[in-house]
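Read off the chains here:
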Amino acid sequence: MAAKPKLWYFPGRGRMESIRWLLAAAGVEFEEEFLETREQYEKLQKDGRLLFGQVPLVEIDGMMLTQTRAILSYLAAKYNLYGKDLKETVRINMYADGTQDLMGMIMMAAFKPPEEKEENIALIVTKAKTRYFPVFEKILKEHGEDFLVGNKFSWADVQLLEAILMVEELNASVLSDFPLLKAFKARISNIPTMKKFLQPGSQRKPPADSHYVDLVRRVLQF
Amino acid sequence: MAGKPRLHYMNARLRMEPVRWLLAAAGVEFEEQILENREDMEKLINDGSLMFQQVPMVEIDGMKLAQTRAILNYIADKYNLYGKDIKERALIDMYSEGIADLYEMIMRLQLFPLGEQDAKMTQFRERTTNRYFPAFEKVLKSHGQHYLVGNRLSKADIHLVELLYNVEEIDPSLLTNFPLLKALKTRISNLPPVKKFLQPGSQRKPPIDAKAVKAAKEIFRI
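Chains A and B are the protein sequences, given in the same order. Counted the way the UniProt record's numbering counts, the first sequence spans residues 1 to 222. Counted the way the UniProt record's numbering counts, the second sequence spans residues 1 to 222.
The set of hints was computed from the structure by calculation and includes no laboratory data. None of the values given here were measured: they were computed from a predicted structure. Some clues are possibly wrong.
As the list claims (entries may be wrong) - Heads up, simulated DSS-like pairs for lysine-lysine below, C-alpha to C-alpha not over 30 angstroms straight-line:
| hint | chain 1 | residue 1 | chain 2 | residue 2 |
| --- | --- | --- | --- | --- |
| 1 | B | K84 | A | K4 |
| 2 | B | K211 | A | K6 |
| 3 | A | K87 | B | K211 |
| 4 | B | K43 | A | K46 |
| 5 | A | K152 | B | K120 |
| 6 | B | K138 | A | K141 |
| 7 | B | K214 | A | K43 |
| 8 | B | K141 | A | K205 |
| 9 | B | K120 | A | K87 |
| 10 | B | K87 | A | K196 |
| 11 | A | K84 | B | K87 |
| 12 | B | K138 | A | K46 |
| 13 | A | K127 | B | K87 |
| 14 | A | K185 | B | K138 |
| 15 | A | K6 | A | K138 |
| 16 | B | K185 | B | K120 |
| 17 | B | K211 | A | K152 |
| 18 | B | K87 | A | K152 |
| 19 | A | K112 | B | K120 |
| 20 | B | K196 | B | K211 |
| 21 | B | K214 | A | K112 |
| 22 | B | K138 | A | K87 |
| 23 | A | K138 | B | K87 |
| 24 | A | K78 | B | K120 |
| 25 | B | K78 | A | K87 |
| 26 | A | K129 | B | K43 |
| 27 | B | K64 | A | K182 |
| 28 | A | K87 | B | K214 |
| 29 | A | K127 | B | K120 |
| 30 | B | K205 | A | K152 |
| 31 | B | K138 | A | K43 |
| 32 | A | K84 | B | K84 |
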């Protein structure tokens, strides 16, 4: 029987969180090894398992995969969350890349100086409300289906739920003008594997705090 | 018969150039709608043609595709430059993402040449010769084949060779200690569609100059 996928990363969301979400959505159990010291990180680099010297690293099916998008695409394809043909796959990719851009802003915001924090958050919420959420509200409105692509649960739905919840942590009322996204959020959250992941005690990680930021700075030395 | 793909971007390499390279390598003729100024960009935004109000945008097979990665992966899939299965695809994606990261550094150097130029250039050189080039040289050495993945041409080879040309324009000496990369560059450059693309008069764009930097800042508001 195949071993569980193994994840190497800091004990926080960062670039690994989307991978945790996707594995969870697919109902796949996974193990985690947390990098907390510079020494652990350097050992990982010296071991030659990090193609470009970076994490996230996921060991799966005999491969040492790095590069977040490569890992996510592999998982989506393996667990049938990538559409039924090229045209569906490209739409899933477009939607996932868009939400990744938004979530990337949130991830970077944690590492900006504290005096810029409020301004950053405001900018992120504005981008969410004017650039990203309207797109997905429109998509859902146009086809009236339960899922973003092909009337079937896909990676795009997982990413969008993750992004919605992350933005709501910054501004609880961000979905007030997006009724279909509100319904989408409720619906996807109720999918059994998602419901399980959203419960306390799962492998979902909390938002970055100063302790996490300090740890990452220490390990990556920046 | 389907129309040719149509690329919407400014008259510069930046984020669209990998798409031009890939289509050219696949032997696919394409048209270009050039954005000359901010008004052109705004017209495209107001048309509703840009999913997240951004370019690159490529019209292909009845779709208006956004997000560079989604576009490149669609083209690669369609023209059989994406490996034979999801494991090969994962390797191709991993390599492509690393290449994209280094290319991102190059674009930053080109667009924001003042200020931290020296520090950024030093970091770029270091990353090129200590992180990225050794990784790809090692991959080629490990299997001794003519292509990065699966003994067959893929998007990873095209992106890498494009990167090698970009690095060479900055400083040819950066390729000195990488004989297998140099051999790959020669080999791929000699493939008939690539050879054609490398000749004057093709749709390949020239290195960015001060005028194009200024235009990019105006058109993209960066």
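We went through each hint and held it up to the structure:
no., hint, result
1, B/K84 to A/K4, "holds (24 angstroms)"
2, B/K211 to A/K6, "violated (49 angstroms)"
3, A/K87 to B/K211, "violated (38 angstroms)"
4, B/K43 to A/K46, "violated (51 angstroms)"
5, A/K152 to B/K120, "violated (45 angstroms)"
6, B/K138 to A/K141, "violated (49 angstroms)"
7, B/K214 to A/K43, "violated (44 angstroms)"
8, B/K141 to A/K205, "violated (39 angstroms)"
9, B/K120 to A/K87, "violated (39 angstroms)"
10, B/K87 to A/K196, "holds (29 angstroms)"
11, A/K84 to B/K87, "holds (18 angstroms)"
12, B/K138 to A/K46, "holds (14 angstroms)"
13, A/K127 to B/K87, "violated (35 angstroms)"
14, A/K185 to B/K138, "violated (45 angstroms)"
15, A/K6 to A/K138, "violated (37 angstroms)"
16, B/K185 to B/K120, "holds (26 angstroms)"
17, B/K211 to A/K152, "violated (47 angstroms)"
18, B/K87 to A/K152, "holds (24 angstroms)"
19, A/K112 to B/K120, "holds (19 angstroms)"
20, B/K196 to B/K211, "holds (27 angstroms)"
21, B/K214 to A/K112, "holds (28 angstroms)"
22, B/K138 to A/K87, "violated (35 angstroms)"
23, A/K138 to B/K87, "violated (35 angstroms)"
24, A/K78 to B/K120, "violated (39 angstroms)"
25, B/K78 to A/K87, "holds (10 angstroms)"
26, A/K129 to B/K43, "holds (21 angstroms)"
27, B/K64 to A/K182, "holds (27 angstroms)"
28, A/K87 to B/K214, "violated (36 angstroms)"
29, A/K127 to B/K120, "holds (28 angstroms)"
30, B/K205 to A/K152, "violated (41 angstroms)"
31, B/K138 to A/K43, "holds (19 angstroms)"
32, A/K84 to B/K84, "holds (17 angstroms)"
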